[in-house]
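**Student:** Each chain is listed here by its residues.
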Amino acid sequence: MAYSIDFSDIWPRLPYLLGGAWLSLQIAFLAFCGGMVIGLFGAMAQAFGGPWVRRPVDAYVSLFTNTPQLVQIYFIFFALPDWGVLLSPYHAVLIGMTLNAGAYLTQIQRAGFASVHRPEIEAAETLGFSKLQSVRYVILPHIMRTLFPPLSNLYILMTLGTSMAAVFGVEELTGRAFNVNSETFRSIEVFSLTAVVYILITFVATFLLAGAGRKLFRARMNVF
Amino acid sequence: MPQLELVDLRASYGDVPVLDRISFSVEKGEIISLIGPSGSGKSTLLRVLVGLLPPSGGTVRVDGEAIDYRNKVDVRKLRSRLAIVFQQYNLFQNMDVLRNVTIAPVKIKGQPQADAEAYAKQLLDRVGLGHKLHAFPDELSGGQQQRVAIARALALRPEIVLLDEVTSALDPELVNEVLDVVRLLAADGMTMFFVSHEMAFVREVSSKVLFMADGHVTESGTPAQIFDSPQQPRTREFVSKILRH
Amino acid sequence: MLQQLFDAAPRFFSYYNILFLLQALVATFLLSLVGCVLGFLLGFVLAVTRRTTGWRMAPLRALVVTYTEAFRRIPFLVTLMLVFFAFQAARLDTSVFVVALCSVCLIATAFIAEIVRSGLDSVHRNQWDAATAMNLSYLQTLRYVVVPQAWKVMLPPAFSFFVLFIKDTALASQIGVIELTFAGKVMANKGFPAALTFGTVLVLYFALSWPLARFGRWMEARLAPARAR
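These protein sequence lines map, in sequence, to chains A, B and C.
Following this note's numbering, the numbering of the first sequence begins with 637 at its first residue and continues without gaps.
Following this note's numbering, the numbering of the second sequence begins with 19 at its first residue and continues without gaps.
Following this note's numbering, the numbering of the third sequence begins with 7 at its first residue and continues without gaps.
Okay, chain A solo, but in the shape it has when bound (with noise of 0.2 Å):
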């Protein structure tokens, strides 16, 4: 007998695989918000620290970038357990995803001191701003304006990426589909219906993101 197509027992199920999506965002936001704030200490550690910071930092960064945000979840969820760290499945996904997204943010970060025109710093200075003025009104736009693109290539990156917390169980857009697969046996369906919601997802997002960073930072970016 042949597999026929059927949607019937997915349509009613659609508002369980939505409240998933929204669990998706959620993680991402919250591991790019802490992946922001190791990032800007990773960056300065970086850009100012001495040999002894700095190294561990660029060890940490280039472990991180170079190993799969699975497997590092994997010695998060399974390994610390023997050292006496238990945690949920929620949370060694949001640590492991932080840490990860901590590195890449580093490197973004980094990028972004170093894109800092020294001749902008001393026009603003000439024209008599302070140190803080500087930073505000010339320092800050012109690094929002080069990182805005990548930080948001970023993010899409990280919701896509939080499809793999089903592999512990926990219940965001694919660990729900997972979910109703095991229930209706309708894999086909239900797993291209989770790829329209995560394309959906993803468009919306870059969109809001271009239209936001066009407006807020005067930054250029592609939705196509």
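Hint data in this document are derived by calculation from the structure and do not stem from the laboratory.
Careful, some of the hints might be misleading.
[Said to hold, decoys possible] Below are the EDC-like pairs computed for lysine to aspartate or glutamate, each with C-alpha atoms no more than 20 Å apart in a straight line:
hint : chain 1 : residue 1 : chain 2 : residue 2
1    : B       : K46       : B       : D81
2    : C       : K158      : B       : D81
3    : B       : K90       : C       : D135
4    : B       : K259      : B       : E222
No experiment lies behind these values; they were computed from the predicted model shown.
Position chains B and C against the provided structure of chain A, taking the given hints into account.
**Tutor:** Frame of chain A, contents of chains B and C only:
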């Protein structure tokens, strides 16, 4: 019969009209130059003729036959008779001089490699670059690149050569070497149609001068007529600014 | 704590285990490599199709755009599941490795099509003008003029993508492909300390990814100066 004839030619970039009812004719061996202020549509006219921009109305006839620019076969046949040299030389960066000149004859016209190379060497000698056959474009000066571009256009044995401000992108010292080559072509009886800002040269070499403004040919005549006694006010304004008496 | 790891290490690093891990490493490498090479070939075709003009090719172009935009926005795990169940529904009896390879290929094609497109766009418009004016066809222009200039711009990002994707192949473990992450799970299930197994797996991924990433940067530095023309 005129070799090239334009009747009411019109073209636009999207909604913006660029060429507005251009009409004139060119006899074999004539050298027509097109002058006028920037943005008057001169380069656009050349691009339309060679099929890089589709016309929105009017007719173009070559040796009496009308060209249908929407018909790919027509356009291909046209391009084998009409060659263009661009302001930015547009040499193929990944090929040396010899290959730049031979690629079209070999790949399009199906000439055997040896024949194409022999003719290419002849042409390159004539433009004074016979010793640079295996140089790459980024090793040549602007003037040298432009001369190669002219040789490349001639390799297709065109009946009409279009020259689009071929000296405008060059440093002043390099302009004359290119104009010398154009003089050679003129002396050979090649039908040419060029757009230029080099007024002294235009005056020396052209058999007819067309003045264009706002997409329209407002005046035409011999060089003496246009430069010494322009009729239209626009032409007069332009000529007086350009020439110093 | 650490004592436990040192105790387990000799048993962990047995001949058979090391061989197993290395085989899994090779599987990971091949999954990304073959998938990305195929992805490059197909992505190239897609990019060339996308750049065509003329209304006859419009439906094909629409298809290409939909494909590239969609498959760059689906998580790899979801693509993997789709391909897995599609193969099942079509009653195709292949190994999970082939399923994973197809998934890698689908995604790589979409991303690399964009990379190729950027590369082709990097060639100045006037090269196209000159070629068209000389009657070179679209494909001839690509072959003789554009691609020889564009490949240096395309190759570094495509290689980068390949190196990046090595990390994504970890998800193939979820359908049972015997790659590095799966090997880690197997070892952990056998009773070895998780820190040792996953730690080793992390080190192996690092050993694979870091040198390749460095090579990619070297390649970019060597090819990039040519872009300064």
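**Student:** All hints are to be evaluated individually against the structure, with a verdict given for each.
**Tutor:** Verification of the supplied hints:
Taken as a hint, the K46 (chain B) and D81 (chain B) pair is honoured in the structure, with Cα atoms around 9 Å apart against an allowance of 20 Å. In summary, the hint linking K158 (chain C) to D81 (chain B) is not supported, as the alpha carbons are separated by about 45 Å, beyond the 20 Å threshold. Pair hint K90 (chain B) plus D135 (chain C) holds up; C-alpha atoms about 16 Å apart against a cutoff of 20 Å. With a CA separation close to 19 Å, the supplied pair K259 (chain B) and E222 (chain B) stays within the 20 Å bound.
When each numbered hint is compared with the structure, a violation occurs for hint 2 only.
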